[in-house]
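**Student:** Chain by chain, the residues:
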Amino acid sequence: GNSVTQMEGPVTLSEEAFLTINCTYTATGYPSLFWYVQYPGEGLQLLLKATKADDKGSNKGFEATYRKETTSFHLEKGSVQVSDSAVYFCALRPSDGQNFVFGPGTRLSVLP
Amino acid sequence: DVKVTQSSRYLVKRTGEKVFLECVQDMDHENMFWYRQDPGLGLRLIYFSYDVKMKEKGDIPEGYSVSREKKERFSLILESASTNQTSMYLCASSGSGNTDTQYFGPGTRLTVL
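Residue numbers (the numbering used here), protein chains in the order written: chain R, 1 to 112; chain F, 1 to 113.
Here chain R stands alone, though its shape is the one from the complex (with noise of 0.2 Å):
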């Protein structure tokens, strides 16, 4: 079936730090991969997404990369801010059904 895979942390990095969350997936066919953002008290709101192999969606200074051949879309930025502290989940949409499918989520602190 399919499946998301995520470090489920806590990440606690300082501000300006690099940042990797790693997400990878099973899946048939071509699946569309997200990332979802949510703020304490809030629902998940998208943050990037990325619907063929080797595009790269990209939001508020976030990257990811959908990479086929290792079946993974790592998220990753260069310099985080104590704003970016949140719960991150990767998703994915199958090719051939309607539901999506989350992973477990990542929290991530900035420390000031």
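No lab work stands behind these hints, which were simulated from the structure alone. C-beta: ideal position from N, C-alpha, C; glycine also.
Between beta-carbon pairs, the in silico distance windows are:
1. Phe-18/R x Gly-16/F: 48 to 56 Å
2. Thr-99/F x Thr-70/R: 18 to 26 Å
3. Ser-79/R x Thr-5/F: 30 to 38 Å
4. Thr-26/R x Glu-17/F: 35 to 43 Å
5. Ser-82/F x Gly-9/R: 26 to 34 Å
6. Glu-15/R x Phe-20/F: 39 to 47 Å
Position chain F against the provided structure of chain R, taking the given hints into account.
**Tutor:** The following block gives chain F in isolation, referenced to the frame of chain R:
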């Protein structure tokens, strides 16, 4: 700007009460979803709907029902609330294309006493 709204941000109910959670989307999306989110358990799909009057069970439908009488509105019903249904409830919607994004509402924090 895309928008999914939920009727309440916070709700407190008593055991045995019937509870309605309402969700409205303004994007003309075919698909709508209800999830619950609990610490350590991630997002779990309760029910989803592909079209008006259509519904499908998700991973944890027990104790819940849904209603979709209009395309823009998807309701989650707890027929007889129990304390183990205390949770954050998230509604979402998406188009039917396999590259379409799922958009979420702000969530309803339900406490059952």
